[in-house]
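Colleague: Take a look at the letters that make up each chain.
There are 4 protein chains.
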Amino acid sequence: MTIETTVDTAVFERRESEARSYCRSFPVVFTSAENATLTDQNGREYIDFLAGCSSLNYGHNDPDMKAALIDYISGDGVAHGLDMFTSAKADFLETFEELILKPRGMDHKVMFTGPTGTNAVEAAMKLARKVTGRNTIIAFTNGFHGMTLGALSATGNSGKRDGASTPLTGIARMPYEGAFGAAADTLAQIEMMLSNPSSGLDAPAAIIVEPVQGEGGLNAASKKWMQGIARLAKKHGALLIIDDIQAGIGRTGRFFSTEEFGIDPDMITLAKSLSGMGLPFATLLLKPELDVWQPAEHNGTFRGNNHAFVTATVALKKFWADDTFVKQLGDKAAFLERRLELMRDKFLSGATIKGRGMMRGIDVGSGELAAEICADCFDNGLIIETSGAHDEVVKVLAPLTIPMEQFSVGLDILESAIAENTSFLRIAAE
Amino acid sequence: MTIETTVDTAVFERRESEARSYCRSFPVVFTSAENATLTDQNGREYIDFLAGCSSLNYGHNDPDMKAALIDYISGDGVAHGLDMFTSAKADFLETFEELILKPRGMDHKVMFTGPTGTNAVEAAMKLARKVTGRNTIIAFTNGFHGMTLGALSATGNSGKRDGASTPLTGIARMPYEGAFGAAADTLAQIEMMLSNPSSGLDAPAAIIVEPVQGEGGLNAASKKWMQGIARLAKKHGALLIIDDIQAGIGRTGRFFSTEEFGIDPDMITLAKSLSGMGLPFATLLLKPELDVWQPAEHNGTFRGNNHAFVTATVALKKFWADDTFVKQLGDKAAFLERRLELMRDKFLSGATIKGRGMMRGIDVGSGELAAEICADCFDNGLIIETSGAHDEVVKVLAPLTIPMEQFSVGLDILESAIAENTSFLRIAAE
Amino acid sequence: MTIETTVDTAVFERRESEARSYCRSFPVVFTSAENATLTDQNGREYIDFLAGCSSLNYGHNDPDMKAALIDYISGDGVAHGLDMFTSAKADFLETFEELILKPRGMDHKVMFTGPTGTNAVEAAMKLARKVTGRNTIIAFTNGFHGMTLGALSATGNSGKRDGASTPLTGIARMPYEGAFGAAADTLAQIEMMLSNPSSGLDAPAAIIVEPVQGEGGLNAASKKWMQGIARLAKKHGALLIIDDIQAGIGRTGRFFSTEEFGIDPDMITLAKSLSGMGLPFATLLLKPELDVWQPAEHNGTFRGNNHAFVTATVALKKFWADDTFVKQLGDKAAFLERRLELMRDKFLSGATIKGRGMMRGIDVGSGELAAEICADCFDNGLIIETSGAHDEVVKVLAPLTIPMEQFSVGLDILESAIAENTSFLRIAAE
Amino acid sequence: MTIETTVDTAVFERRESEARSYCRSFPVVFTSAENATLTDQNGREYIDFLAGCSSLNYGHNDPDMKAALIDYISGDGVAHGLDMFTSAKADFLETFEELILKPRGMDHKVMFTGPTGTNAVEAAMKLARKVTGRNTIIAFTNGFHGMTLGALSATGNSGKRDGASTPLTGIARMPYEGAFGAAADTLAQIEMMLSNPSSGLDAPAAIIVEPVQGEGGLNAASKKWMQGIARLAKKHGALLIIDDIQAGIGRTGRFFSTEEFGIDPDMITLAKSLSGMGLPFATLLLKPELDVWQPAEHNGTFRGNNHAFVTATVALKKFWADDTFVKQLGDKAAFLERRLELMRDKFLSGATIKGRGMMRGIDVGSGELAAEICADCFDNGLIIETSGAHDEVVKVLAPLTIPMEQFSVGLDILESAIAENTSFLRIAAE
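Residue numbers (my numbering), protein chains in the order written: chain A, 38 to 467; chain B, 38 to 467; chain C, 38 to 467; chain D, 38 to 467.
Next comes chain A alone, as it looks inside the complex (with noise of 0.2 Å):
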């Protein structure tokens, strides 16, 4: 790997906390970015495949929404008003009425939490303790929610839950679909657990669930699955939380990644993608009939991003007023399928294709190669990351957006990647 220059790094290494991940791996400085292209300051282009972490769903610096989001800056449009009325977060609450809640037949309520995602799982969490009265959330193996302390007690990484230095409480962990291997019921040991008074499992407040762990290894439950865990939600009395952070805003197909399962969450985080540009913004939808907050019990001094309030209303209009998204979504989640289904069938047999929709990803089998293809990819202009327990999956996070010719090289560069580090494979086995 080459970098021409390393003036501008320094400063980082000197003042910059041990703390930083991302930046590790693509040790350039960016400068500018456009739809799924970045760019470097020496003027090199790489193709993001990682958009965020799925923060990008509509690429980089849309043209339409840096336009609205200039012109509103232009004309001093109010910046930072607290949690107070303003005509941009009107804009916003309406488009989101009309063009995503009245469509899908959801009377949910929005509550703007801290524009970050862990704060939108912290009020959702707090709430359904407040309404049920119990204290136990289920969360689930290789569940990620967030670093705050409760969020951080959902979230199953061992490297991020050790960073607490202190007891994270207040959780029941439940194995998700797959945990146990495929031949075991996860549903139906769930519902023993929930079942048996003796089990030591506390009726529970909640259970939060990704519909697909983005850093869990993109493992993608069933329809079947997920229709179970909300039965079993509401046979129990606990309230169902879906995390829609990273697989929602038509990351899986559809603007939520639960459309296609016929289930009705009581509560859904949203953030990451929603302010459509990449702007700090997050949401917690929740039932009317949840909406006991007392007013400022959940407060904060960031809840109402106006620039993201322009941004996101652009993003609703533009992608989600008719079906011309969703589908060519689907195209574009054939296409990449197809193109991993290729990759392993050449390169690694046996390998498992892990994901849904356009958040997909190749279980590599060991985070090490998993690493070195993203570093290859990385050497030859590519942008991606790793997922999983072990970063074991090279994961594919493309802006949705993406041009079918920028997606087509992207893969190509990937699947050169793999080829080229699994070669030992095939000679070993010659």
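Take these hints with a grain of salt, some might be off.
The list cannot tell twin chains apart, which means a pair is met if one copy fits it or any two copies do.
[Stated by the list, open to error] Each computed BS3-like pair below joins lysine-lysine, with the alpha-carbon atoms no more than 27 Å apart:
#1 Lys355 x Lys103
#2 Lys103 x Lys354
#3 Lys272 x Lys354
#4 Lys272 x Lys324
Just so you know, these hints were derived from the structure itself, not from any lab.
Fit chains B, C and D to the supplied structure of chain A, relying on the hints for placement.
Modeller: Leaving out everything else, chains B, C and D in the frame of chain A:
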């Protein structure tokens, strides 16, 4: 109060969660803002003495920040890049190092946490526990540190705490300066607790303290007390965390609210006004020897808000390159103090002037009276809020950049509201 | 049921807390007891198949223990001496070492905790956390370990857990053998949780397990499963705590219930039958390398019940000096098993015989039926109780010393009660 | 110090856990005891000023209790019957009602918890949380309430707390009377915390307090302070739990240590001297309206120590049927106070006499000095221990039944030890 259009607010009633707060006090729809002036959809202008709870220390939409941001967006500058290196981040770090850290002899490193104050507080709490291997963190009566589970544990407000609906742990609560009356030496009491091996106060990982308690009633700690806290922390092996989210970035007269105290905090949290333009942005400053984070140990999607890097860099260069701004602040703070003293002397004999610098208020003795005063102000075009355990302090948090004339007009409105709402007191006294 | 005098029970209604339990099932006033026979104030005799929930493995008032205790008291032997050295304690320790520890090759040290099982469990949990520096302790579905806050966290029963009225923390709940049906390999599932760094199961300080779950339904773990648990504990750096409070001291056929399993527990809790005569007494056996307690770090007033030392020493010498008792137990257990199988085959086709050794029962399928059977037994002079998450197991816990003839009579009463209460089933089947 | 035989102590070194404590100060093997005299295996006699930490208020082996217990055992009285009705329990309850509860106008019910003080405390804490629906319990600096996880949370001693090796939660720590020096009004401070909605002190379920802190340094609360605590509890909806485990049963002059205070505790814990003869026994007294326990909600194996019922009944009848004993206690306490004052005046000018009634001590200013005094006493045949956060109080806890002559001899030994160990002070002063 007259609201000329109600069309737009219906969507808030219909779809925004009951958790909303400030909009209840100021139920108009704002459309634009410039420095200390907010304008609603009917064109009515309001003087802003709330300033996003100190998130808008440089006022709304500073023209230089606007210009730089528009320029950045127009040039397809990276808006979202997770925590990857960008030129905007490099610029911010270099400027922060040159203008803030170096001149103050600070070798702290900068951790970009999720872009909300509560996230920076959570990071500080995690790190203090990780470094010391201890669990208990000392926080203070009337302290406010955030709404996520860890930060909420440190927050004193019972309404906020009840929202957790689960026990909040890991905090030992100690009295802030003056919490037990002027006669009680709270430093001595804390020392007695720390030195008594049977006190039940476990050896603390950290002491987290706001030099001025923004939400807790504008209680301003003295230099002597803050030095005492710093000494106690050091003596007992606890890290000193200064929560400067509300009091920092010039609000009390200097960049950090502790500069005149001669103490050396282990960690400092910054958020609110850090971006300069009210964009979500937060950071934790930490001594380099504390930077034992593993890569990605405390991660998050929005840890690098590049738009905020751009505006924050402008803010640092514009206001902190020399001491001009500090001098202006001193003058403005003196003016504010005189005005408040006059109001007290004329209408609220015996009332206490609270706070420090441009973070001041009057304790009017009851939340009801304070609310009436603020409501009157709003009717007369001034946005101002209360603070304190009983919302008994009328709080002046004007932009630091407010023109003197407008500042004076705002204070006139406040004075009239106080006069009107306290007339019964004077009549009763006659 | 006939209670001939009610005079004496009034005081219980009037003054004893509603927390009382067993007296509700057997509402007569007992005055004396001898081996397996209890006598009430009206002179009526009952056969005791409850045996103080396995606290009276040697029956009531063993004549040799009685004699030794009376002798000790008459000679002004120290009754209470905190944990000071007494000749009675020395005798116990030497006898325990000679007859129990040495022959089994155990180098464990003996910790005298407060004289209740829950206290021994609390000590074990503290020590496991102290030694490993980890927090989470794995406990099992249907486990029962005590009522104080630490032990209660490990207990599975929801009725008991609810009594805490505060969240119970520090425990990860895993499925006991068979908890998810015969097909599910719970060992493999636990291993998957332990080996997956994103499972959300934190590295455990200990695994605490009852080889037979006395309160949880007489679930008896197999040798293979217990060896698997021991292996998992070792592999993952967790201490293995065997809770032998109910299953130990001969109840399953040997002194410890794990002797035939070839495992080497790090800690073993003993209580209930340890004193031999039903006196409060508990101990924690711990590997010498784990004995890192500071002096008095886990103290307590009644840690040396000298009366219990005296009777326990007699019990050890009388029953465990050679293998006579063990052989008798084997014969009795075989007899009991045959009788229960006959009952099942005649009246409860398909019912499961639960437990091991002299700790057996029949799962009659419902708590209502089990309660009726027990009530009928009591009417006919047999004291017997239920067990299990739904109280669905009729549990035989006769004194190990019960004469065969009396044992047979008791089982006849049980058989009649089963016959009578299941007649409707057979009629329905015809 | 000379230990004439060491043969017997080898087994303790070899097999008893390092957690052992008192035996370290008094490393001889005791064989018998009678009233205030302990005799070791070499026939040496010791005067007992420790009295099982107030578990032997009636001395060792009271002849009437002995006789009754031997009679009960000889007659095959039920030794262990779980919590079933026995004649021994009925006798105890009736006697306790007649001699203790009725004369004091107390309608409390009696809950037999596990037979240790910590278990009674755990029950009280559970019940307070269950009844109030609140979590936080206020406990005090230097308080001692037991070693199991719930009670340990309420205990102040850091050495004991560290043993938990897990965070102790659910307690808010408040200053006991005098904890911040004579000038500080701790009642007023607690009230300020309770009344300030932003204090961070959550609404408490209970206040648990020892009227005299036995382990914490013999701090004796004043009538005024205890009344204030009772008033605060009532005003703020918290239950008042008096922990009378060490100070009760005559130790301060009456049966309960709070009788002269005119307060009406919601719950009272009793243990230690309750059995009269040092047998494990504990109870929780609770107001009948609080008796909302479900059957068996707080259960346990040894909740009915029948031997203890027998001896406790004798104790009540012998000592509490009239006011003879109380008068004797008054005389003895006055004598003790005079003797301690003389010692102070002669040898420890300025030292504080601590405690109340027959629970007294001298604060000699350092743990080292106190330890040396106690060691000297032991060499001269007096068993006496220290108390306090720094073990700085030499504590006199003689049996209340000690003959005056022997009491005087014991105090002579103490005086000599003080004289000898403080001679350097007087020499230095000359």
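Colleague: Look at each hint and say if it fits the structure.
Modeller: Verification of the supplied hints:
With identical chains, the CA atoms of lysine 355 and lysine 103 are at most 27 Å apart both within one copy (13 Å) and between copies (26 Å). Taking CA atoms no more than 27 Å apart as the test, lysine 103 paired with lysine 354 passes in both settings, with 14 Å inside one copy and 26 Å between copies. In the homo-oligomer, the alpha carbons of lysine 272 and lysine 354 never lie at most 27 Å apart, since the shortest distance is 38 Å inside one protomer and 56 Å across protomers. For a Cα distance limit of 27 Å, the shortest separation of lysine 272 from lysine 324 inside one copy, 18 Å, qualifies, whereas the shortest one across copies, 38 Å, does not.
Taken one by one, the earlier hints fail for this structure only at number 3.
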